[in-house]
Amino acid sequence: MIIFTLRRLNLLLFTVLLLTLLSFSLSYLFPGDALINLSGEINATPAQLAILSDEYRHQENIFMQYWAYLSHVFSGDLGISMASHLPIIEEIKILLPATIELSLAALLLAMFVGVPIGFIAAIKHEKLADNIILTVAMFGYSIPVFWLGLLAILVFSIQLGWLPSAGQISLLYEIKHVTGFQIIDILLSDSAYKWQAFQNATAHMILPTVVVALAPATIFVRLARTAMLEVLDKSYIRAAKAKGLSFGQIIYHHAIRNAMVKVIRDVGLQFANLVTIAMVTEVIFSWPGIGRWLIESIYQRDYTAIQSGLLMLSSFIFLVHIITDFIYAALNPLARESNHGA
Amino acid sequence: MNLLDIRNLSIELKTANGTILAVDRVSLSMKEGEVRGLVGESGSGKSLLAQAIVGVLDERWTVHADRFHWRGEDLLRHSAEERKRIISKDVAMIFQEPMSCLDPTTTIGSQLEEAIDNNQFSGNFWQKRKQRKLAAAKLLHKVGIKHHEVCVKSYPHQLTEALCQRVMIAMALARRPILLIADEPTAAMEATNQGQIFRLLASLNQLKNMSILLISHDLENVTHWTNTITVMYSGQFVEGGTTRQIFTQPYHPYTQALLDSSPKANMQLPKKSRLAALPGSIPILQHLPIGCRLGPRCPRAQQACVHAPKVKNHHGHLVSCHFSLKGGN
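Residue numbers (the numbering used here), protein chains in the order written: chain A, 1 to 342; chain B, 1001 to 1329.
Derived by calculation from the structure, the hints in this document are not laboratory data.
Glycine residues also receive a C-beta, built at the ideal position from the N, C-alpha and C atoms.
Be careful, since some hints might not be right.
Stated by the list, open to error - Chain A residues, not near chain B, derived (Cβ > 12 Å throughout): (1) Ser53; (2) Gln159; (3) Leu160; (4) Ala166; (5) Thr202; (6) Tyr236; (7) His254; (8) Ala272.
To be verified - Each pair of labels, with its calculated beta carbon distance range: (9) Met1267/B x Ile3/A: 52 to 62 Å; (10) Phe326/A x Ile1290/B: 18 to 28 Å; (11) Val1150/B x Trp162/A: 56 to 66 Å.
Chain A with its partners taken away, still in its complex shape (with noise of 0.2 Å):
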């Protein structure tokens, strides 16, 4: 356990340098001065010019640069933003932890709704459970999302009224910044309108939440039921049919576990795909997260933003991939040993 712990962390670190290594060449290959690129510094006298291209080493050579880039990004210093002029980092840690709570709401629920109709699905298999399933999974894949999202505001939030259809909290509430995360900062609160601010926040959820986790919970529901479906032909289930347990017994004890090993690994891999469904999301539902500020910084051809955006936004999908390569090896004992285990 531990060599496998020392894998994923050594994997996780030469990814990161990896993904460095990519934002720092987009500094030369945006347009532009790539001193500029790099510390969002538009409007900078030629003095100032001269202190900046000190400090990043743009008179040495490009394993210097990269070196003094590397040591600028993981002091914390990611430059300023071309359009706002703020420094990106301060930006990032607003906006992160917003995104961060939409996508993980968003995954679990996926997961908590995706993988259990997948397995209803793989015991009634060919029957006509199974054929109701695999056809709404079907629709809910091919909706695409940004007319999803329209469809949602328009029934729950304008025709309805159940649903706010915008933001993450309504702007009564005065939350004092802390972790970022909505939903702690408001139960880490003192305020008198606490619960009210919680039951505001949680409704602004809902809405974002489900639109991001239709797609990807469809996808699960197809994995466990290939996962499912694949278990129960294995010829240990055979054996504890023969041993006299109950078909739920099989179930619960032998083929759930052994299905979810199949489907947490595929399920890192999906993340990445939901955090880009979250970012059109984030712009439709006006969700002050950092994929409708990386969109914005496209539009508005804020490199700085953009290179530092991606750096974050790429190493916390991969953060998360570790993850749940974590949980699949406390799922799974042969991918502990170091001789069986990738």
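Knowing the structure of chain A, use the given hints to seat chain B on it.
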């Protein structure tokens, strides 16, 4: 009284091109305390027959039988669920490739514990847990695993095939079965381990009077451990009788060929001569011959063999052949 009495059991596989009769009217009976060998080439339907008895075939297969008695009780009158409940109470089965028959993500201990019947214990649930642990350890001792503490905590992939098979036998014993069906228990195992597993089964048979249905493709090996033998070929009954009858004087050409095909130490063979074997191979399910399925390969086949022969009984030695080696039909 017969423990198990099966008459004309057929197993059909439903495919897109119609149904295939995989097992064709096979009869089998077991007495109490008997060790019966079920012998045939791979693909002759031995495993299917065993799985049909235990009731673990999936819905692609349909099973018919004229008679299915368990300890004098007619099981055909019960529903499939009820039948499986009665059978799984007294009949246990161990499979080939034991490692794949154990859940890879659960420890041996918990898999063993769940096989133990709850009503063997008394007292409250915390007492039961302790008793359950103890019972699991005892079962492991019974099958000759001394270090139960290590074994209970390990996962199937950490044990050898032979140890896994012992664990499977321990699980089978957990329900205190009257009949144990062993489906090629030593396939892909070393000779020493094979011997150990067979000796273990033999001792269980002698000490607990447990009947064993031993399925194997190795006639030679099976004769050491069994009282009676049933030979199958391509889903049809071939010959049945006591081990001595089958081994010393087989009536069916197929059994004769099986015996001839096993090389002996004192065999005088000229250089580069072929070993005795039937020509061809066992037919695949999609292209089964009509009548006696051995027909195309049989050295004694004649025109009458396009009709399936009736089973003839010669003093308890059953044979299904038109032109059996008995002579003077």
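Now for the hints, and whether the structure bears them out:
no.: 1; hint: Ser53; verdict: holds, 57 Å
no.: 2; hint: Gln159; verdict: holds, 47 Å
no.: 3; hint: Leu160; verdict: holds, 45 Å
no.: 4; hint: Ala166; verdict: holds, 45 Å
no.: 5; hint: Thr202; verdict: holds, 36 Å
no.: 6; hint: Tyr236; verdict: violated, 5 Å
no.: 7; hint: His254; verdict: violated, 5 Å
no.: 8; hint: Ala272; verdict: holds, 27 Å
no.: 9; hint: Met1267/B x Ile3/A: 52 to 62 Å; verdict: holds, 54 Å
no.: 10; hint: Phe326/A x Ile1290/B: 18 to 28 Å; verdict: violated, 60 Å
no.: 11; hint: Val1150/B x Trp162/A: 56 to 66 Å; verdict: holds, 59 Å
In this structure, the earlier hints numbered 6, 7 and 10 are contradicted, and the remaining ones agree with it.
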